[in-house]
Structures are given as structure tokens and as C-alpha cells.
Amino acid sequence: MRVIQMLPSLSYGDAVGNDVMALDNALRGAGYETGIYAENIGARVPQGRAHRISKLPRLKDDDVIIYHLSVGTELNFRLPAFHGRKMIIYHNVTPYEFFSGYSHNLWQLCKYGLEGVEFLADKAEYCLADSEFNKQNLIDLGYKCPIDVLPILIPFDDYKQEPNQGVIERYSDDGYTNLLFTGRVAPNKCHEDIIAAFYQYQKNYNEKSRLFLVGNFDEREIYYNKLASFAEKLGLKDKVIFTGHIGFDEILAYYHIADAFICMSEHEGFCVPLVEAMFFDIPIIAYDSSAISYTLGGSGILIKEKNPLEVAGVIDYLQKHADVKEALLQGQRERLKDFDNEVIEKQFLKYLSDYIEGTK
Amino acid sequence: MKEINVEEIMAEIRQDIIDKGYTPEMLSFRDVNASYIGAVDFNPDEFRYMVGALEATKYVPWKQENIGTGVKGFIKKVVRKLVGFVVAPMSDGQNLYNQQVASAFAQLLGYIESQNRLIEEYEDVLKSLKDNQKTAEE
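So the sequence lines, in the order shown, correspond to chains V and C. With the first letter of the first sequence counted as 1, position 291 gets the number 291 in my numbering; the numbers rise by one all the way through. With the first letter of the second sequence counted as 1, position 116 gets the number 116 in my numbering; the numbers rise by one all the way through.
Because the hints were derived from the structure by calculation, they are not lab data. Here the structure is a predicted model, which is why all the values come from computation and not from measurement. By construction, the Cβ of each residue, glycine as well, lies at the ideal position given by its N, Cα and C atoms. Among these hints, one or two may not hold up.
Said to hold, decoys possible - Think about it this way: if two alpha-carbon atoms lie no more than 20 Å apart in a straight line, the pair counts; the simulated EDC-like pairs of lysine to aspartate or glutamate are:
#, chain 1, residue 1, chain 2, residue 2
1, V, 208, V, 310
2, V, 304, V, 288
3, V, 320, C, 8
4, V, 203, V, 232
5, V, 237, C, 16
6, V, 239, V, 288
7, V, 325, C, 7
8, V, 325, C, 3
9, V, 304, C, 12
10, V, 350, V, 207
11, C, 63, C, 16
12, V, 350, V, 174
13, V, 306, C, 7
14, V, 304, C, 45
15, V, 203, C, 19
16, V, 306, C, 12
17, V, 203, C, 16
18, V, 239, V, 250
19, V, 233, C, 31
20, V, 111, C, 45
21, V, 325, C, 16
22, V, 360, V, 345
23, V, 320, V, 276
24, V, 320, C, 45
25, V, 360, V, 63
26, V, 320, C, 92
27, C, 20, C, 3
28, V, 233, C, 25
29, V, 306, C, 45
Claimed, not checked - Okay, the calculated beta carbon distance ranges per label pair:
#, chain 1, residue 1, chain 2, residue 2, range
30, V, 157, C, 104, 52 to 62 Å
31, V, 80, C, 120, 45 to 55 Å
32, V, 337, C, 14, 52 to 62 Å
33, V, 298, C, 67, 54 to 64 Å
34, C, 44, V, 80, 52 to 62 Å
35, V, 78, C, 44, 43 to 53 Å
36, V, 358, C, 47, 29 to 39 Å
37, V, 136, C, 48, 57 to 67 Å
38, V, 233, C, 6, 29 to 39 Å
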């Protein structure tokens, strides 16, 4: 019996790609005959690590396909035609409404993704969801099969690499407070609310501060341009830094110099950057939406209402109350233990064997 | 380990904001336009969608409904009355312009689609000519 993983695109270094690679290691370690099959394989994926779906050998009915569901693709609709049992790992699809007025392409892609998730509702035998939020999302979309929650696997060893010294030297030890958010510049992540909170922080609490918005964007995108305009009109052009696409060592450097991590996102299926902030011991202030509260698991400061002035007040409070900040970090360190790869891998293999044996 | 009571901290922060007289007023993101929209690759689906959106939003009424009640609402109504004779004709002019832009884009969309159909027909003709040529050569 084989257990193969299938997905539309495998990229090296993104959250789903990391999860796929780590699960592949776990499956091999447990003695399964396995493989990764994708329609598109990123150039940075090590040679031979994954194969194109066209090279997939004919599967038997008792073989298992673990399908990673996260984007709009035709493969979602082709999945039932493959032989073998189907298990889905659901990473969530961003609701298309977020892209209305910003990008018709992404609007369409997410809508198509949602249609794919709905289409597979009665085709999956078993699902794993990255968070309770994702599980509920599947139930709301009509999934009746057993669903368990299993956090995404995060490559913590990569975070121990040397950070970029240039970034560190430029932005640290100069008396400035560095605020950080990481994640692609996309409307669901509500960068405008972080900028608004930063404006209030600058105006009322601390002029010697900067905001780093680390994440890819396309300069032609309406959303990014609106954000840049917003920052400029607020007089923050030089204080809000959009890094765009940068190297991994630079991302690490921004985590190293950050004094607080601010997340105002309104839709996250898991939100890996929160766990990254925990790893780098940065106090987290996040808006309570989607999977955020699950990922924080009681740690960090969870904001129930989006009020820029209050968010600014919280940032200031943490900078001035070392004991509260330390207690907050202690809580985050505790939560971080729950994402230990060994624990999650073990849980994954248990879920998988229960599914194979038919006890799910 | 010290327990953190977020609600208590928030209450303390709210009180501090009141005590110091900080105000939440600031520019709204909604009121900002994108500074620069660069040239993008042509996407026929997006173009069709935008032409539809342009058609649906071309008319902007100058008189906003539900502008509020009480003193604020009353003042707004008075101001509206005072400036109406200046704003209304400007708004009509803008709406006429919007109508013309929407019509021009609808024409352009129609032209692109008719050209696409023509290209498809020519491609079919070209293909059959090539097939005929190949058969003749054989």
C-alpha cells in the first residue's frame, strides 16, 4: 500500500510546501512507500524530491492520496477520478470577497477555490484541518466525513540560520522601536489597520518608531498602491517600510530586530507568522479573527475590537511594562511547545494509521 | 509567572487615553485612492468585469440619502441646500462624462470581442489552407 501526497503547486519555503516536505519525511521515517506529486514544481525544490502528476503510477484502490487543498485549481475537480482512498489536508481558501475592487484575478481564483472545496465535500473520506477554524469551515461547506485538527508543520531549524547582518546593523541599537508584520500584502491581512495603529502610536506615544511590513507585493496592485498612498498621506512615508520580496536571511533579520509583532488580519487559516514571532520571542498583538485565537492558544494579546488608538496604547504599554511583556513572552514560549514537530508528526502518523485501519 | 489580564490592561489603556485626551480622528483608508496603477498585462476577463463595474457605478447622485439626524444632520442638510445650486450642475457634468467613458469602454470591449471572433475565423481558414497545402504536397 502506498501513501502519496498530491497538490497543485509545490514551492520551496512556503507554508504548504514546508508542511508537505515535513510530512514526506515523517511518512518515509514510518516506513511508508510514499512520494510527492504536483502539477507545478518550484525551481528551488531539490531535484527528485517531487514528481509531476503525469508521472504518477497507477494507484490501487487501497492506496491513499493525501491531497493538500488550499487554492483554486482544476485539480480539485479531477481528484475523484484518481484511484485510491482520498484524505484531504485543508489549509483554507481566502474568501473571494476580500479581493473585490482590488484584483479580479484573485477574486476569481479564490471563488474557484471555494467551488473546489464545496465540490470535494462528499468525495473525501477523512480530513485534517490546520486549525479549529478550518475544521468549522469544512463543516459549514457540507463536509460530513471525520475531521481532525492538526497544526501545520513549521521548519524551526531553518530559523536558526544566520540573519542578514546588514538589516540588523541598519535598524537596531538606534533607540527606535521596531514594529513588525510579515505576510503577503493582501486585503484579507488588513495592512491598513496596522498602519492606522502605527500612526496613532507615532502621534501619541513614540515618534522614534518604525513599522516593517515584510511580504511580497506587486507594485502594480491596487491594494499595495492604496496602502502606500495611505502611509504617505499620514506622513509616514519614511517610517512604514514595505520590504517586498526579500531573502530568507533578511526575513530572519527583521524578526531579530522586532520589538512587537502586530497582526490585524481578518482571515487566516492558521497564520504561521504568529508562531514565527513566538519562536523569535516577540510579543504579539493580534486581532481576534478566523484562526488567530486558535494559533495563539491563549498567549499574546488578543484584541477584540479594531481601534487604532487602543492598539497603539497596547504597543506602548508593553514597551513600558517589562513584567507584563515578560509574562506575555512566557505564555508564548509555552504555546510554542505545542507546535513541536515531533509531537505533530507523531499525531499525524496516529491519525493516518487510524484512517487506514478504518477506525476513523 | 505573572498572570496577564488582558481586559484589565485594556481598561487601563482606555482610561489613559481619556486622561491624556488622545483622539481617534485620522484619515480613513476608505478615503484614499491608489497613487499609481501601473501598466498591467491585458486580461480579457478582468477587462470585461471592469467594463461591467464601470457601467454599474457610472451614475453618482450628488444628493446623499440618510445624512444623519439631530443637530449634525440638520447642519448637513442646511449646507447641502446652500451649496446645491453649485454642486448639482457640476455633478450632472461629471455624470455625463462618466456615461461617455462607460459607453466608450463598452464600445472598446465590443470591438475587442468582434476582433477576437475574426481572428478565430482567420485561424480556422489558415488551418484549413495549411491542411490543404499539406495534402497537395503529399
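**Prompt:** If you check each hint against the structure, which ones fail?
**Reply:** 5, 6, 10, 11, 12, 14, 23, 24, 26, 27, 29, 31, 32, 33, 34, 35, 36, 37
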